[in-house]
Amino acid sequence: MKLSPHVLEEIKELPAKYPQPRSAVMPALDLAQEEVGYLTPEAMTEVAEALQLDPGYVEGVATFYTLFHLEPIGKHRFYVCTNLTCMIRGAYELVDHVKKQIGVERPDKVSADGLFSFEEVECLGACEYAPMMRLDHRYHYDLTAEKIDALIAERRSSAAEPATRPHPAAAPPTSPASGEVKKPRAPRRKKKASG
Amino acid sequence: MAELRGSFGEQPHHILTSDFGTPDLHKLSVYESKGGYTALRKALLDMAPADITNDVKTSGLRGRGGAGFATGTKWSFINRDAPGPKYVVVNADESEPGTAKDRYIMENCPHMVVEGILIAAYAVGANQAWVYIRGEYDEPHRMLTEAIAEARTKGYIGPKPFGKDYPLDIRLYRGHGAYICGEETALLESLEGKRAQPRSRPPFPAVKGAWGRPTLLNNVETLATVPAIINMGGAEYAKLGTAKNPGTRLLTVSGNVRKPGVYEVEIGKTFRHVIMELAGGPPEGRKVKVFWPGGSSAPVLPESMLDMTTDAEALAAAKSMGGSGGVIVMDDSHCVVKAAHRLLQFYAHESCGKCTPCRIGQDWAVRTYERILANEGSQLELDILQRVSDGLQNGRCLCGLGDSGGWVIDSTLRHFREEYEDHALRHTCNVGKVAVDATSPLVGRTDA
Amino acid sequence: MPDVNLTIDDHKITVPAGTLVVEAAKTIGIEIPVFCYHHKLDPVGACRLCLVEMSPGPPRPQTACTTPVSEGMVVRTQSAMAVQGRADILEFELANHPLDCPVCDKGGECPLQDFTFRHGYPISRIDGPRLHFKKPIPLSDKIALDRERCVLCYRCTRYYDEIAWEQELTTDERGVQSFIASQFDQPLKSIFSGNIIDLCPVGALTSRVWRFESRPWDMTHTESVCSRCSVGCSVTLWQRRGQLVRVTSHENDDIDEGWICDRGRFDYTDVNDASRLRTPSINGGRSTWADAINAVAAGIKGKGAKLGISLPQDITNEEAFLFRKLLDGPLKGAKVKMHGRTAIPAPAGDAGRAQGALPNNLKINEIDDARVIVVVASDLEDDVPIVDLRVKKAVSKRGAKLVVVYPDGVDLDRHPGTLHIRNAPGAAAAEVRKLASHEWLRNPGGLVAILFGDGHGSEDIKDLTAACGELAKKVGGKEMALYRATNERGALAAGVAGWDKLDGVESLLSWGPPPAAGIPKSARFVAAWDHLPREGYDRAVVLPATTFAERQGSYTNLEGTVQFLRPPIPVPPPLKEGWELLCELGAALGVALDYDGILPIQRAIGVQPPAPEPAPDPVLVGPARP
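Residue numbers (the working numbering), protein chains in the order written: chain A, 15 to 209; chain B, 35 to 482; chain C, 3 to 628.
Hints may contain errors.
[Said to hold, decoys possible] With a cut-off of at most 30 Å between alpha-carbon atoms, the simulated DSS-like pairs for lysine-lysine come out as follows:
#1 K123/A with K198/B
#2 K42/C with K14/C
#3 K191/C with K16/A
#4 K395/C with K480/C
#5 K136/C with K228/B
#6 K61/B with K31/A
#7 K228/B with K191/C
#8 K31/A with K198/B
#9 K480/C with K464/C
#10 K395/C with K31/A
#11 K26/A with K191/C
#12 K113/A with K161/A
#13 K144/C with K228/B
#14 K395/C with K242/B
#15 K89/A with K123/A
#16 K26/A with K321/B
#17 K242/B with K61/B
#18 K42/C with K242/B
#19 K191/C with K395/C
#20 K228/B with K89/A
#21 K194/B with K31/A
#22 K31/A with K16/A
#23 K161/A with K242/B
#24 K188/B with K31/A
#25 K123/A with K136/C
#26 K28/C with K228/B
Bear in mind the hints are in silico, worked out from the structure with no lab data behind them.
Pulled out of the complex, with its shape left as it was, chain A reads as follows:
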């Protein structure tokens, strides 16, 4: 799949925003990954050409960072933290649950319906809400098997609905995955006495 002209244009405008043009490679790969779903060799080559860099250079950068995926990852990827705090609060059991519910055994595989994949990740910086995970550009806290089931069901049902999603190219790259309605913020609890 080739990058759309809209995305390519955005990529070409990136180098001017940085003191040196090479810095544009990370945000450019981000845009490409958002559009294609993951970074194919073709996408990386297109990014390289648009930025006047060597494809090999771009490939080397892409393979270094965990958030750049060079294989298909499906629409929704469960990034479940299993580092120390989350581990001692049951993260591995939750990973097993995710695997079972989405029917995927390994992080480099995607569910049969193309919707789900998972990955164990390192500390996501929300240890006071452990065990937790990142899904569709949002953090999900105090995970339980039930919460996971609900999140999966939600996505399965919205995938079954007819497409009224905005075109991926129209969504800004940092917004949640298209199709998801932004939830209102949860109301704050009363102030605690201590702390």
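Please arrange chains B and C on chain A, whose structure you already have, making use of the hints.
Just chains B and C now, kept in the frame of chain A:
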């Protein structure tokens, strides 16, 4: 956003968090109604840059990212009068296990960070600041983007903040998943669009940093503390905490505790106060077994040292460190060997691969832990762990990630030797619930 | 800056300021082992093998390769801290390293082997599976990669980035899973790729052309000159059993700085070709030398302009000198065409002398100090590859500004500061004349280096030469004419670098391979001095030729330096040296060319006699290139 877990509301020691919990504190108008941006105005209009740096020096503020270097001194390393651009780069790559404080600040009060950045930029002669924020922090990124836009509309970011002829700008740069980007020079490499591998130092960033220019690198919390210091004065700030480690800091307390949270604590309180009082201690029927005082990279301390104070000097004397302030508490239902194994998996996964000892050593340790936990261990495996640990420390590695792996092995071996020997020599585990999981999903044998 | 005094292992020494500790130690023969450090690359301190104890300093070992000397410094390479540090690092390097020595081409000249013997632990504590990769991976048809042997010193990727300005070689993944790869597993295309073989301190990058050919101690070698283009890089030629087994670089800081291109490194296998011509032949039938020479003389004598002579690009100065004598005598009037030469005329003042001494002749090593470099009508990477690298070094490491005048994109465009003027073909001279008023050249602040080619015939070379000369005068510049043929400058000096068309000749004397356009159809008599059989030789008089690996002689490179071939292989009988044959041919043609050795010829040309043969390196001790 989820409920606040941690410090908020007015308390004498809530220097950073006193206004947290105020609805819409992330909005510029609310922040200003609480006194926000008075420090920036004071710094720009009433103070000379050298005075600002001196005030920060007087405050005794030390870097809150992990290294704990004296902030004012770091600022003074930038030659303000050297020609050409200089940069402030904000380390918002918070990835140290057990640490959530920067996220806490950025989500609750992003303007405090913005204000601190602008003051620092003015003090060191920089006109542009770059915030390097880890890619997983979607919400903080959104909050900072909006805060910067608001400040830009208000003119605090722009050609003439408060009418002062000193252009100020803040830009954001997202990371894409690499703990090593928390290391200063690796962060700079990533900012330049390269694989994030640390540089040899010297030259230091103050001389040759981002894009070859003199650069000030500071942690989010460090910069977020600056407005308070300017408002109350450095000497006043230095009255809190201990003589050598003044002030307050945000400690993230997590793990087997009843009330995990990000707590602002006056430096010098004991860990007993932090873990047992603020965080409520371990669950019913459990005891604290071990705790990491400053992120997973800080050498562990056993329960017998709960009365250790939280200041840098005391921790150094106990052969540990304050680090990122990520206090991870593990109770007696968990196995230390398994915990150490998981942490070494982390370091092996995050190792950038540039220097030999870290690249090879972390992975060698992981494989040795696997053998031990699969009941294939012996004295040789324990010797290998010690040997790897020695090989990772004391300047062998190019950066601190290597040492951190070594410290995990070293400190857990030192304080919990019997548990290691149970596994390695007696092929048993005497801890309550333990699933001996010898597979390493993150670091496996590859066929490239 | 004043020199610095320091102490290394109780030896007090004085070295120039800025010297790295590892280099300072070398001056007194102390070996601090290194993998990632290379004296031509920027130091990175990645492998940590060079850890030594330094005071004043922190209570930890420091890397000697990134630390410059300081006054009064005390360095200890044999303290417990340093010795154990090195041994530990070596043990780490060996933890995943496969036990491949018996089948690894690097064995015998391998720094990892040597350092482990000299600095490592004698017993291995490594038990258990090692990291595995698919191997060997063909990086190109010339280079193989073994990822298991790789110690990730990054010399190869850094070389590509810093020196060659390319990134087709990259590091993928992170941590212990890191590995070297060519981009998207495509074959390496760069003409500079072969140098990574010399750079690699282990057997991870090996030559496929030389694979499993020999052990280092079974070869002898000489330092000679490459004969593939006009740059004249120093090369090391290795022979075993009378075969040229491999070509590696040899550092000559005045010209190549230790880099050679892939043409010079890999294009030698014809020397060992089984079908090499061994005896003279007449019309396909074996003949004696006397008969063959007489047949040649009879076929080319007195033909005037009906004789065509084809000369190779790598004709030696000595052969050229003898040809001049023949062309002034019995072969007067013959048409002469030299392979591969440019349209650039001989440098003024050169005629009759093999050595150039022009007032503004630019030497390759002077490019280092240029403040502005102007490249006109040439794609350096293609025409003179190693000069291309020298220009890149001046730009990226020494801050020179670069102007390129050329119709198409060139690899020098990769630098963002390059000013590339895309002229219409034929308009280069006009653009050059405009340059004098460019802001960079109005006040260059130092030497301006002007390198000009002939655009492969697309430019009016007389006009361009004049324009470059004018520019040089105006801005304080020196010029380098980018001749392409190996000994174009020497042949020009001898006056034999002909440009004539050979159509319509009745006799053809082909010295070296046949003309690029083929043997002219009109030729009724063909004589060739060649090393391989070609189409049509069964109807010719063929004299078996030596190759660059066997013949003696000298070349004059494009900057005017005369360099001498040092063949590793003696001329295999019954072959004769080219100069010897020309003398005998001269006698058969009736002109006395009484030179009984190559030295008398060289004296006659006025060339300095060659330097005495350097003492051969002992191959058994020490790595070839640590």
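Taking 30 Å as the top limit, are the C-alpha atoms of K31/A and K16/A close enough?
24 Å, holds
Straight-line Cα separation of K42/C and K14/C no greater than 30 Å?
27 Å, holds
Is it true that the CA of K395/C sits at most 30 Å from the CA of K242/B?
The given pair, whose Cα atoms are some 21 Å apart, holds under the 30 Å limit.
Can the restraint linking K26/A and K321/B be considered satisfied, given a maximum Cα separation of 30 Å?
Measuring from Cα to Cα gives roughly 58 Å; hence the hint is violated.
Please work out if K144/C and K228/B have their alpha carbons no farther apart than 30 Å.
Roughly 29 Å between the alpha carbons, so the hint for K144/C and K228/B holds.
For a C-alpha distance cap of 30 Å, please report whether K89/A and K123/A respect it.
12 Å, holds
Is it true that the CA of K395/C sits at most 30 Å from the CA of K480/C?
With Cα atoms ~18 Å apart, K395/C and K480/C stay inside 30 Å; holds.
Restraint status (C-alpha distance of K395/C to K31/A at most 30 Å)
The hint holds at about 28 Å.
Agreement of K31/A and K198/B with the hint, judged by alpha carbon distance not exceeding 30 Å
25 Å, holds
K242/B and K61/B: Cα distance at most 30 Å?
36 Å, violated
Restraint status (C-alpha distance of K26/A to K191/C at most 30 Å):
With Cα atoms ~27 Å apart, K26/A and K191/C stay inside 30 Å; holds.
Between K136/C and K228/B, does the CA-CA distance stay at or below 30 Å?
Measuring from Cα to Cα gives roughly 27 Å; hence the hint holds.
The structure is inconsistent with the numbered hints 1, 16, 17, 23 and 26, although it conforms to all the rest.
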